[in-house]
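Chains A and B, in that order, are what the protein sequence lines are.
FYI, the numbering for the first sequence is 28 to 230, going by the working numbering.
FYI, the numbering for the second sequence is 28 to 230, going by the working numbering.
Don't read these hints as lab results, they were simulated from the structure.
Treat each hint with caution, since some may be false.
As the list claims (entries may be wrong) - The list that follows gives simulated cross-link-like pairs (lysine to any residue, SDA-like), each with its CA atoms no further than 20 Å apart:
#, chain 1, residue 1, chain 2, residue 2
1, A, K62, B, D145
2, A, K90, A, T47
3, B, K138, A, D153
4, B, K50, B, D100
5, B, K62, B, R45
6, B, K138, A, R156
7, A, K62, B, K50
8, B, K90, B, E66
9, A, K138, B, E148
10, B, K62, A, I204
11, A, K90, A, P39
Stated by the list, open to error - Beta-carbon label-pair distances, calculated as ranges:
#, chain 1, residue 1, chain 2, residue 2, range
12, B, A135, A, T157, 50 to 58 Å
13, B, D212, A, G209, 38 to 46 Å
14, B, G182, A, S89, 47 to 55 Å
15, B, I46, A, D175, 55 to 63 Å
16, B, A135, A, E160, 18 to 26 Å
For clarity, every value in this text was computed on a predicted model and none was experimentally measured.
Yeah, the Cβ is synthetic: ideal placement off N, Cα and C, and Gly gets one too.
Protein chains: 2
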Amino acid sequence: MAATHRPSDKTPRTERGRITLRKLLDAAATEFADKGFHEASISGITRSAGVALGTFYTYFDSKDAVFRALVSDMSAGVGKAAREALAPSMGALEIERAALRAFLEFAAEHKEIYRIIDEAEFVDPDSYRTHYETIGARIEERLRQGGDSGEFVPGLGTPEAWALMGMNVFLGLRYVIWGREGDPDFTEIARRANILLTQGIGR
Amino acid sequence: MAATHRPSDKTPRTERGRITLRKLLDAAATEFADKGFHEASISGITRSAGVALGTFYTYFDSKDAVFRALVSDMSAGVGKAAREALAPSMGALEIERAALRAFLEFAAEHKEIYRIIDEAEFVDPDSYRTHYETIGARIEERLRQGGDSGEFVPGLGTPEAWALMGMNVFLGLRYVIWGREGDPDFTEIARRANILLTQGIGR
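Use the sequences and the hints to build the structure in full.
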């Protein structure tokens, strides 16, 4: 068998272990974003995490493995940021607006996410595809719930979910990564995207 | 000055020259898509184009230059495919539907476009950004015209244009690059995206 990811083998069991793992993932995000996958090194990651080189191997087998774990961690981070922005009282459309705003804020705090996810297309295509399929499925489920509650039209599915994901990703690209002086703020971007999503642009 | 792109220097003046340039760009698309930028070689491009190695330098100074020209050629190809799908009689919404359908067909014919544009983010960030800014500006202009004609709501601008571009790019990613047995066809995808765009998903 090829070197597969076996997270269960190396999942930390103590709080201290979880803190070290977090440090390694944060350091890996910076290292991969600054240098790109090929130039990045395990020693660069451990140096910036402030842990011994040997400690790295308690958590990961290889540079590939930490990269894969980082992509998965970022997918989870996007999901967590969206969930934390939601309140039980929100309707389906309000949820989409809050989720987009939370995503823009998450991306602004973690600008490296675009570079790392995009490099996964070349370094680890399975992680790249899983990242978008996971988020797409999450959005599709929200659209289905909105249809069930009667707030959205019925019959929404994969095409609408991917369209909405693409909107959000490209609004982040334009307003977070390539943001300019004088751009509308994230609240305003999320408001305008939500109007497009709710009412469309047809008169 | 750094090695800048000087297309005017090397633009072919004869029909035969234009045919050779086309062959080189098509061969470059295959070479870069198959091997990635770093592994791709000028000799691989000329071999697959069936032209002499020296001929390459009549058209391009370097591997970087042919890559840059290819990204620009692909941007132009997307624009041309959209324009050719349009008829003077079409309304603004019909234009968006036809443009998306044409883009999906173009991407299906040129599946390498995703890999090459996405690799430009790392190999030639300026080309990457120019690619999306060019397409975004083109969409924004169509939205403005639709607002002027009264078919779209007034006041559409950059956020709506980038949202629409993201929708189209991600529908291509899902249904062209990662297409599956049993997926709806491109006409149906464009129809559903157009409903979302026209009416939104709110009830």
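Quick one, are B:K50 and B:D100 close enough, alpha carbons at most 20 Å? At roughly 12 Å apart (the allowed maximum being 20 Å), B:D100 and B:K50 satisfy the hint.
Within 55 to 63 Å: is that where the Cβ-Cβ distance between B:I46 and A:D175 falls? Hint holds: Cβ distance 58 Å, inside 55 to 63 Å.
Hint check: B:K90 vs B:E66, CA-CA at most 20 Å. Holds or violated? holds (11 Å)
Using the Cβ atoms, figure out if B:D212 sits within 38 to 46 Å of A:G209. Given range 38 to 46 Å: holds, Cβ gap about 42 Å.
Does the structure keep B:K138 and A:R156 at a Cα separation of 20 Å or less? holds (16 Å)
Determine whether the Cβ-Cβ distance between B:G182 and A:S89 falls within the hinted range of 47 to 55 Å. holds (52 Å)
Does A:P39 lie within 20 Å of A:K90 when you go C-alpha to C-alpha? Holds, because 18 Å separates the two Cα atoms, which is no more than 20 Å.
Taking the CB of B:A135 and the CB of A:T157, does the distance hold inside 50 to 58 Å? The hinted range 50 to 58 Å is violated for B:A135 and A:T157, with Cβ atoms some 23 Å apart.
Against the 20 Å threshold, does the CA-CA distance of A:K90 and A:T47 hold or violate the hint? holds (17 Å)
Satisfaction of hint between B:D145 and A:K62, Cα-Cα up to 20 Å: Within the cut-off at roughly 17 Å; holds.
Verdict for B:A135, A:E160 (Cβ pair) under range 18 to 26 Å: About 20 Å separates the Cβ atoms of B:A135 and A:E160, which means 18 to 26 Å holds.
Against the 20 Å threshold, does the CA-CA distance of A:K138 and B:E148 hold or violate the hint? holds (14 Å)
In terms of the numbered hints stated before, the structure departs from hints 5, 7, 10, 12, listed from lowest to highest.
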